[in-house]
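*Asks:* Protein chains in written order, with the UniProt record's numbering: chain L, 1 to 326; chain F, 1 to 428; chain D, 1 to 190.
Incorrect hints may appear among the rest.
[Unchecked claim] The list that follows gives simulated cross-link-like pairs (lysine to aspartate or glutamate, DMTMM-like), each with its CA atoms no further than 20 Å apart:
(1) L/K88 with F/D311
(2) D/K69 with D/D40
(3) D/K61 with D/E174
(4) L/K36 with D/D129
(5) F/K10 with F/D381
(6) L/K65 with D/D125
Please keep in mind that the hints were generated in silico from the structure rather than gathered at the bench. These numbers were taken from a predicted model, which means no experiment stands behind them.
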Amino acid sequence: MQRHLISAADLTRDDAVLILDTAEEMARVADRPIKKLPTLRGRTVVNLFFEDSTRTRISFEAAEKRLSADVINFTAKGSSVSKGESLKDTAQTLEAMGVDAVVIRHGASGAPYRLANSGWIDAAVINAGDGTHQHPTQALLDAFTMRRRLVGRDAGIGQDLAGRRITIVGDVLHSRVARSNVDLLHTLGAEVTLVAPPTLVPVGVETWPCEVSYDLDSTLAKTDAVMMLRVQRERMNAAFFPTEREYSRRYGLDGDRMARMPEHAIVMHPGPMVRGMEITAEVADSERCTVVEQVANGVSIRMAVLYLLLGGNEPALTHARTTEEK
Amino acid sequence: MSKILIRGAKVLGGEPQDVLIDGQTIAEVGVGLSAEGAEVVEADGKVLLPGLVDLHTHLREPGREDSETVLTGTRAAASGGYTAVFAMANTFPVADTAGVVEQVYRLGQEHGYCDVQPIGAVTVGLEGKKLAELGAMHESAAGVTVFSDDGKCVDDAVIMRRALEYVKAFGGVVAQHAQEPRLTEGAQMNEGIVSAELGLGGWPAVAEESIIARDVLLAEHVGSRVHICHLSTAGSVEIVRWAKSRGIDVTAEVTPHHLLLTDELVRTYNPVYKVNPPLRTERDVLALREALADGTIDIVATDHAPHPHEDKDCEWAAAAMGMVGLETALSVVQETMVDTGLLTWAGVAERMSFKPAEIGQAKGHGRPVSAGEPANLTLVDTEYRGSVDPEGFASRSRNTPYEGRELPGRVTHTWLRGKATLVDGKLT
Amino acid sequence: MDSQQDTQASDARPVLEGPDIARVLTRIAHEIVERAKGADDVVLLGIPTRGVFLAQRLAAKLEQITERKIPVGSLDITMYRDDLRMHPPRALARTEIPGDGIDGRLVVLVDDVLFSGRTIRAALDALNDIGRPRAVQLAVLVDRGHRELPIRADYVGKNLPTSLRETVKVQLAEEDGRDTVLLGAKQTSQ
Chain L
1 MQRHLISAAD
11 LTRDDAVLIL
21 DTAEEMARVA
31 DRPIKKLPTL
41 RGRTVVNLFF
51 EDSTRTRISF
61 EAAEKRLSAD
71 VINFTAKGSS
81 VSKGESLKDT
91 AQTLEAMGVD
101 AVVIRHGASG
111 APYRLANSGW
121 IDAAVINAGD
131 GTHQHPTQAL
141 LDAFTMRRRL
151 VGRDAGIGQD
161 LAGRRITIVG
171 DVLHSRVARS
181 NVDLLHTLGA
191 EVTLVAPPTL
201 VPVGVETWPC
211 EVSYDLDSTL
221 AKTDAVMMLR
231 VQRERMNAAF
241 FPTEREYSRR
251 YGLDGDRMAR
261 MPEHAIVMHP
271 GPMVRGMEIT
281 AEVADSERCT
291 VVEQVANGVS
301 IRMAVLYLLL
311 GGNEPALTHA
321 RTTEEK
Chain F
1 MSKILIRGAK
11 VLGGEPQDVL
21 IDGQTIAEVG
31 VGLSAEGAEV
41 VEADGKVLLP
51 GLVDLHTHLR
61 EPGREDSETV
71 LTGTRAAASG
81 GYTAVFAMAN
91 TFPVADTAGV
101 VEQVYRLGQE
111 HGYCDVQPIG
121 AVTVGLEGKK
131 LAELGAMHES
141 AAGVTVFSDD
151 GKCVDDAVIM
161 RRALEYVKAF
171 GGVVAQHAQE
181 PRLTEGAQMN
191 EGIVSAELGL
201 GGWPAVAEES
211 IIARDVLLAE
221 HVGSRVHICH
231 LSTAGSVEIV
241 RWAKSRGIDV
251 TAEVTPHHLL
261 LTDELVRTYN
271 PVYKVNPPLR
281 TERDVLALRE
291 ALADGTIDIV
301 ATDHAPHPHE
311 DKDCEWAAAA
321 MGMVGLETAL
331 SVVQETMVDT
341 GLLTWAGVAE
351 RMSFKPAEIG
361 QAKGHGRPVS
371 AGEPANLTLV
381 DTEYRGSVDP
391 EGFASRSRNT
401 PYEGRELPGR
411 VTHTWLRGKA
421 TLVDGKLT
Chain D
1 MDSQQDTQAS
11 DARPVLEGPD
21 IARVLTRIAH
31 EIVERAKGAD
41 DVVLLGIPTR
51 GVFLAQRLAA
61 KLEQITERKI
71 PVGSLDITMY
81 RDDLRMHPPR
91 ALARTEIPGD
101 GIDGRLVVLV
111 DDVLFSGRTI
121 RAALDALNDI
131 GRPRAVQLAV
141 LVDRGHRELP
151 IRADYVGKNL
161 PTSLRETVKV
171 QLAEEDGRDT
181 VLLGAKQTSQ
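From just these sequences and the hints, can you work out the full model?
*Replies:* Structure follows, in C-alpha cells:
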C-alpha cells in the first residue's frame, strides 16, 4: 500500500472526502485553549525545503507541532545541498537520524516521486510542491475552503463538490497549483474551467479533465469559485504576454469583473498575491476573497494528511493510481 | 595466420552456408567446405552478418573516463557485434583538432577490439561560432570524414551553410544534431500530453523538424550532402522523405531506443529514460519503424551515451541525458524490425553495416560476406531470448533503459579482420 | 470501541432489551441528581458513537427530573488512544463541547460498555486538553469487567460478568434501529 502523498491525482474520491472530513475535525482543535493533540508523539517529521517557501513550511510545521510530532527543518540554503550534495545523500542522511516522514519541497518536478520510489529511504514522503508538477496539500486546502463556503461546514461532511463550477485563471503552464486542483476537483465532481492566454496553457492540456477558455468574462458569470493564480513578472520578458497592463486588463480580476459573478461566488488565491497584476486590491480585500481563510485551512488539511498517513500502523488512504516501481 | 571455418551459418539470414576465414580475409563461402587445421565454429543456424558499424558512439575519452574509455567502449562494441564505431567529438577537450582525433584513433587501434573512427567537431569547442580545422582533421592520421557538434546543434544557419560547403572539398559529411536551441530552453522531455501532466519542460517536435527542414534546403542549395543524427519524430520522417523525393543528398539515422520506447516511461521520473532527443510518442515510434523499413531512414545508430551511476541516480532535472546502447542495439532492432516482419536480416545488414560504413567511408567495413572481403563478421543467435542484465555489460556504464526487459537475439561471435574479439558471448 | 467487536447474530443472545435500557437510564439519571446534589453544574459528554446517544437520552431524563437545561456534548478520543499505532488511522468523530465549557463543572463521561478502561483513560487525557472540570465521573450502560487500568464507573446500568471469549454489543435505535445489548461468542479467525 502507498504510504506517500505525491500527487492529487493519486487520491480517490473517498480518500479526498476522508481528508476533508478529518480536516474539519482538526480545525476545531484550533478553537481550544490547548491547540495540541498527542497523536504523533514520538514521530519525527523533517521539512526538507529545497526552495524558499516560508508559507508552506510554517503551515506544515504548525500542523506537525499541533499533532505533537518532533519537527526538523532543513532548508537547502547554506546547507550541504548548496555545496553540491545530492538529493539522495541528503535524504539518506536525514533518514539515518530516524525520520518517519519527509515533507519535501523541490524545484524539480518529480523529485518527491523519485524520493518515494527509488528505494533511497523508507520514510513516508509528502509532496509540499515539486517544480511545475503537483502541490497536493494546496489542492486539498482549496477544496476544503470551497466545500466550507459553497456547501457548508457541517453540511459538507461526507460531501464532495459535485456540480460546482470552478474557474482557475492565470499561468497554468508553470503552475503546480493548477495541475493539482484540476486533478482533485475533477475527482470531487466539480466542473473546472481554465482561463489563460494561450501562451500560458501547456501543449497537451486537451487530455486534462477540464475546459479551457481564453476569455475570462464569458466564464465568470457561471462560476461558483474563481481561483486567481500568481503571474510572475518575469514571464513578461519571455514573451508570454506583452505587458503587465495588457495582462491585467484581459485576465486580472477587478471589482467590475467580480460584480459580474454570482452573489455566492468566492475569490481564491494560493498566495502570495501580486496586487495590480492578477488581482486588484479592491478584490483582494473584499469579503468574497478567501486568501486568509485558505491559510488557516492549510494547517487543518496538513494535520489531516499527517494523521491519516502517519497516525496508525499503516496509512488510511488507498491510493488509486501511483504504483511503486518494482 | 590461422584459419577459421564457420559451419552452417545463415549468411544474412539466408540458407545455411559455411564461411572460411583465412587470416584477415574471407577465403571462401559455400556449402560443405572443409579446411585442414582450421578452427571450426559450429554456427548451427545462427545468422551471420557483416560486422556492424555504428555511426554514432560516445566513447567519452578523453575527459570522462569515469563513464567510458576507448577500451571499455570498444569492448562493449565488440560485445554488441560491432567492428567499427564512429566516436563523437564532444569529449574534454573537444575533438576539434588533429591532435585529439589522432589520439582517439590510435587508442582504438592499440586496443584492437573495434576500429575507432573519430568524428571531428564542426565548430571550435562545439560552440557554433567558428569552424574547426576540418581539413586538418581530414588530413590527419585519423582521416576524419564525418563532422558533428553532436550534443549541440549547429544552429547558426550561416555556419551550417559554410560547413556543408567546406567539406565538399574532401568529400566529408556534416552530421547534424537537429535541435533548435531557443525552442528547447529548459526542455526535459517530449512536449505533449505526458509533459503537460508531469510538469516537465516540453521539447517540441518542431524544434527538431525546423532544423532538419532548414538543413536539407541548405544542402540542396549548396549542393552538398547532410546527415541527420537520431531522427525522433514522425514529422522529421516526412521532411526527409520529401527531401529524398526531391533528390536532395540527405541521409538519416534512428537510434534503437527511439524504435522501441515512448515518453509514457517518463511517468516513472526515472532518469534512465532521459535522453536527447527525448523519447517521443507511440505514433512517432511507428513512423520511425516504417521509415527505417522503407529506406527513408538509412541506418540505425546507437547514440551510445554512457554516464556514471550518480548522474542518473538523482531527480530528473539534475540527471544527464543519454543511454548506453552498443550492447543491446541488435536485440532491439530484432525486436522492433525483424520479429515484426518489417525487415529481413539482409535489411538489417544494410542498415547497420553496409550503409553506415558507406556514409562514414569506413574502409574495409560494411562489405559483403564473400570471398576476398575483409573478415569483419558477426554471428547472432536469433533464437535466444533473455532479460537484459546491465551487470554483464562490458561498458563502464550501466545506464540502460532495458534493465530486466526481455529482448530477443544475442551476439555470440565477432571477428575483426579475422581476429575473434567475441567468442561464445565472451570478450577475448 | 469495546462494543463494536463483530458478533455473529446466530449465537448472540440479548441480555438487555429496550425497556430494560430505558429503565436503567432513568435510574442512572436519578443517581446523578442524588450524588451531584441537584446536578446544577453537570455537563454530560458522550463518547462516540453510542455514548453520545446515551448521553443525549440521559440529558433528556435529567431535564425531566430537574426541569432545567442540561448541557450535553461529545468527546472523540481517537487521537488520544494508546493503540493508535496498532491499527490504520480511524476516521475522526465529532468533539462538541457545550457553549459554557467544562471549567469548574462536573463532567459525566458517558459510554456504552466499560471493558479494559483504556477508552476512559484516553477520554481523561482528552478532557485535560479542553479544560479543568471540578470533577469527572463515569456512567456506562454495561460494565463487562476485565479492567486493565485502575478505572471504575460511578454509574453502571448493568454489571455483566463475561469471559474474554465473549463479546458485548450494544445496539441503539439512533444508530442501529433498535435498543438491545447482545452477548455473543468471539468469532474465531477464518
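*Asks:* Confirm or reject each hint.
*Replies:* To see whether the hints hold, each was checked on the structure:
no. : hint              : verdict
1   : L/K88 with F/D311 : holds, 12 Å
2   : D/K69 with D/D40  : holds, 9 Å
3   : D/K61 with D/E174 : holds, 17 Å
4   : L/K36 with D/D129 : holds, 8 Å
5   : F/K10 with F/D381 : holds, 10 Å
6   : L/K65 with D/D125 : holds, 18 Å
Hint compliance for this structure: every hint is met.
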